[in-house]
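Peer 1: One-letter residues, chain by chain:
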Amino acid sequence: MMSTLQIVVIHPELLGTYGDIGNARVLAHRARVRGIPAEIIFTPHNQPLPTTGDIYLLGGGEDRAQIASVEALRSSLGVLGGALDRGAQLFAVCAGLQIIGESFPGVSGEIIAGLGLVPIVSLPGSDRIVGEVLVKSDLFTEPLTGFENHRGRTDLGGLSPLGRVLVGGGNGGEAIAINERVDGLVAGNILATYLHGPALARNPVLADHLLSRVVGALPKVPEGEEIAELLALERRRALGAANFGK
Amino acid sequence: MVARVISLLSRILRQGEGATLSGKVLLALRPRAISELTRGRRVVLVSGTNGKTSTSSMLAAMLGEKFIVGGNRTGANLNTGIAASLVNAKKCTLLIFEVDELYLPSMMEATVPELVLLLNLSRDQLHRTQEVRIVARKWHEALAKFPDTPVVIDGSDPFLASVGRDHGPMTRIGFGKRPHLDAASCPTCGAMLDWSGAQFACRKCGLGDAPADVELGEMSAVERNHALASSVAQYFGVQDLTKFSPRDRISTLLLGGIEIALRLVKNPSSWQEGLSSLTDEPVILVVNARGVDGLDTSWLWDVDFTPLKGRYVVITGDRKLDAAYRVHIDGVGYSLVDSLSGAATQIHRDGFTRAQALTSYTAFIDATTRVKGKR
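Listed in order, the protein sequences are those of chains A and B.
Under our numbering, the first residue of the first sequence is numbered 1, with each subsequent residue one higher.
Under our numbering, the first residue of the second sequence is numbered 1, with each subsequent residue one higher.
Please note: incorrect hints may appear among the correct ones.
Said to hold, decoys possible - Partial list, derived from the structure: chain A residues whose beta carbon lies under 7 Å from chain B: (1) Glu62; (2) Arg86; (3) Gly197; (4) Leu230.
To be verified - Calculated Cβ distances over 12 Å to all of chain A for the following chain B residues: (5) Ala28; (6) Leu115; (7) Gly176; (8) Ala212; (9) Ser245; (10) Thr252.
What the hints contain is simulated information worked out from the structure, not anything from laboratory work.
Virtual Cβ for every residue (Gly too), placed ideally from N, Cα, C.
Sequences are here, hints too, so could you generate the full structure?
Peer 2: Given below as structure tokens:
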């Protein structure tokens, strides 16, 4: 009897501007079709974070919502740190990626202290990066795709990125030469990215990777789930993934 | 003279493109044409995330009782569409323009409206508008330049309450407490809104404290827009509105042997409204992501598609696979086809004579102009 996988959506009312709730739905779905019971726990900003989560999700949000969320999370920092220490995973997207770092830009560019879970710093860019993204990660054979929409630029401070940016801006934006552009980060039990889409809907391999970090090797998804791969393939093709080799 | 030539041009051109092309030509020749052609005339501007076209139509019908009404009625709501509608509007005694959210400030400057009607504000085309709060801030700044212009709003929308928070001649029409996807925090000051009472309230800056001028209670989007339009009509002296009922923007199309009722849906809020209004007939979803549709389809995940469970669902459009995976996760069965005609053919083959389509903006325009232009 397998215990129920707990997927915690942190502050969905603040960090859910870009369909981020979809990441939780996809994780739960891909667990369930493999016979792994899963539940989604929505934790609004005025409730304590559950201590028993297996995967914690931070999504994207508007500037003010991002600040409200980080302020609410400061008191739960111990819970989040403790969860990561016992092997829980954290997947953070866009504003979520910025929140877990040392600092990020506020509404007027002022510096807001982050949660400091990773030694990264986000600064305001000259303009907003908006559009489709193609990212080659060493974790997967095929590139990942997504949609980015952010003004912040993130310096990883030596941490490993999720992957190299083949199309789009990623962490650094156009100020960085395209062959040096990277997206997101991978650090211990933390995985983060600027990709919306939502990222786990458009990249089933990434969803399965997160799940397997918790439950170990996963069986193949059963028949009837082909639509996920069809979507991923179509998006890669739309971004000309074949032009970039492997 | 310029207007005459353009008017002729626009009649030669097909209607779909003609709706903005003659405006483009006019603005190229006379950049200040909108301002010049509306000077000294009575103008009403209608803006909001959803319902601009249907509300302007309802309002135009109501005010048609008393005025010769002109303005843009087909959804072309950028400066080009507005300019185009002015080409043949010389005899009109009242102009009603629906205005794109980002164009509202410049159109207020250009037309100096007699009244502004704001319907709602929620997430839409985020690749273009970036944040709902940014649009709200721009609107607030725009109203500040016209402190004496009457504004009518849905006062139950926290974003509109914020836009009009310090505007003098403001009519707030209340529609009960309506949850808002983007308003966990205060649109004005960023503090968390308190939604536990009868209305939203900001304990920090007091947003939500201003009472509604009229409280009508909860109702559907089209009923709200009808009520807002009625309020504006009464302002202009049209009192008897009994014969005007709430009307959605639904176009009917004969295709592949069946009749399709097309409904425009373009963001989480209008999709949810569309899904709640379905009948038992087969459902076609058409999802595109071209420009005005919003380039990012992430919003599909903000919509609850479970109302489609157990229904006959066909999905098409440029981004049909994004939509298919989305509804699949909600336990909805579906089939995929390559076009709206393909959907109609399949539905006809399966023995149905009618269907209802929820369509992205570009798909809606494609389908409806095809009918009119008989392409």
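Peer 1: Give a verdict on every hint.
Peer 2: Going down the list of hints, with the structure as the test:
| no. | hint | result |
| --- | --- | --- |
| 1 | Glu62 | holds, 4 Å |
| 2 | Arg86 | violated, 29 Å |
| 3 | Gly197 | holds, 6 Å |
| 4 | Leu230 | holds, 6 Å |
| 5 | Ala28 | holds, 28 Å |
| 6 | Leu115 | holds, 30 Å |
| 7 | Gly176 | holds, 20 Å |
| 8 | Ala212 | holds, 24 Å |
| 9 | Ser245 | holds, 35 Å |
| 10 | Thr252 | holds, 31 Å |
In terms of the numbered hints stated before, the structure departs from hint 2 and from no other.
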